[in-house]
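Position one of the sequence shown corresponds to residue 323 (my numbering), numbered consecutively onward.
Rather than coming from a laboratory, the hints here were simulated on the basis of the structure.
Incorrect hints may appear among the rest.
What the hints assert, rightly or not - Distance ranges between label pairs, derived from CB positions: (1) Asn342 x Asn410: 31 to 39 angstroms; (2) Ala455 x Leu338: 19 to 27 angstroms; (3) Lys404 x Leu338: 30 to 38 angstroms; (4) Thr448 x Ser341: 20 to 28 angstroms; (5) Arg460 x Leu338: 21 to 29 angstroms; (6) Arg400 x Val356: 20 to 28 angstroms.
Claimed, not checked - Quick list of in silico lysine to aspartate or glutamate cross-link-like pairs, EDC-like style, CA-CA up to 16 angstroms: (7) Lys388 x Asp354; (8) Lys429 x Glu456; (9) Lys388 x Asp368; (10) Lys429 x Asp396; (11) Lys388 x Glu430.
These numbers come from a predicted model, not from an experiment.
For glycine and all other residues, C-beta sits at the position ideal for the given N, C-alpha and C.
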Amino acid sequence: LVVQWSGDNPNSLAGLTLSNPGDLAISLGTSDTVFGVTDVPEPSLDGNILPNPVDPSTYMVMLCYKNGSLTREDIRDRYAEKSWDVFNNLLEQTDPLNGGKLGFYYKEHEILPPLPVGFHRYIVDTLTSGPLAETKERQKDEFDPPSEFPPVV
Numbered sequence: 323l324v325v326q327w328s329g330d331n332p333n334s335l336a337g338l339t340l341s342n343p344g345d346l347a348i349s350l351g352t353s354d355t356v357f358g359v360t361d362v363p364e365p366s367l368d369g370n371i372l373p374n375p376v377d378p379s380t381y382m383v384m385l386c387y388k389n390g391s392l393t394r395e396d397i398r399d400r401y402a403e404k405s406w407d408v409f410n411n412l413l414e415q416t417d418p419l420n421g422g423k424l425g426f427y428y429k430e431h432e433i434l435p436p437l438p439v440g441f442h443r444y445i446v447d448t449l450t451s452g453p454l455a456e457t458k459e460r461q462k463d464e465f466d467p468p469s470e471f472p473p474v475v
């Protein structure tokens, strides 16, 4: 069956039976995508508002991030012997919230938000406790291999 004007993300919304405002899904693909359902469309330059392919009384919202699977593969190749099994085993060794280690990896210029190429790593000392205003972070050139993986998943 071929349906005119369908796409992978609208079809995923339908196939996952996302139907209530607030329902949300994440797709980790070549581009990583977050999509969901709203009944209050608020268009902006940062994302997309589409007709809901299942319920014409609601809308589909979607955010796309360019640095998806190709960036994950690059990190896998650098730190996991080019093996998804090694990647997964190391990923399972990480602590919840990755011990305060946050990474933003842009192998290509990012769409949302529009950012230049670069790998940015930070350790947030108070990520798991304390007031947000007291958050202190320090930049790192690299993490230990297991800690490189949560930021790209």
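| request: Given the hint that Lys388 pairs with Asp354, test it: the Cα-Cα distance must not exceed 16 angstroms. | output: With Cα atoms ~7 angstroms apart, Lys388 and Asp354 stay inside 16 angstroms; holds.
| query | Quick one: are Arg400 and Val356 within 20 to 28 angstroms, going by C-beta? | reply | Given range 20 to 28 angstroms: holds, Cβ gap about 26 angstroms.
| Falls inside 30 to 38 angstroms, the C-beta gap from Lys404 to Leu338? | 31 angstroms, holds
| task | Starting from the hint 31 to 39 angstroms, judge whether the C-beta atoms of Asn342 and Asn410 obey it. | result | Given about 32 angstroms between the Cβ atoms, the range holds.
| Range hint 19 to 27 angstroms (beta carbons of Ala455 and Leu338) holds or violated | 38 angstroms, violated
| said: Holds or violated: the 20 to 28 angstroms window for the beta-carbon distance between Thr448 and Ser341? | reply: Between Thr448 and Ser341, where Cβ atoms are some 39 angstroms apart, the hint is violated.
| CA of Lys388 to CA of Asp368, is that 16 angstroms or under? | It holds: about 13 angstroms lies between the C-alpha atoms, which stays within 16 angstroms.
| message | If I claimed the Cβ atoms of Arg460 and Leu338 lie 21 to 29 angstroms apart, would that claim hold in this structure? | response | The hinted range 21 to 29 angstroms is violated for Arg460 and Leu338, with Cβ atoms some 39 angstroms apart.
| Is the Cα-Cα distance between Lys429 and Glu456 16 angstroms or less? | 31 angstroms, violated
| field | Pair hint Lys429 and Asp396, alpha-carbon separation not exceeding 16 angstroms | value | 8 angstroms, holds
| field | Agreement of Lys388 and Glu430 with the hint, judged by alpha carbon distance not exceeding 16 angstroms | value | Cα-Cα ~7 angstroms, so holds.
Hints 2, 4, 5 and 8 from the earlier list are contradicted by this structure; the remaining hints agree with it.
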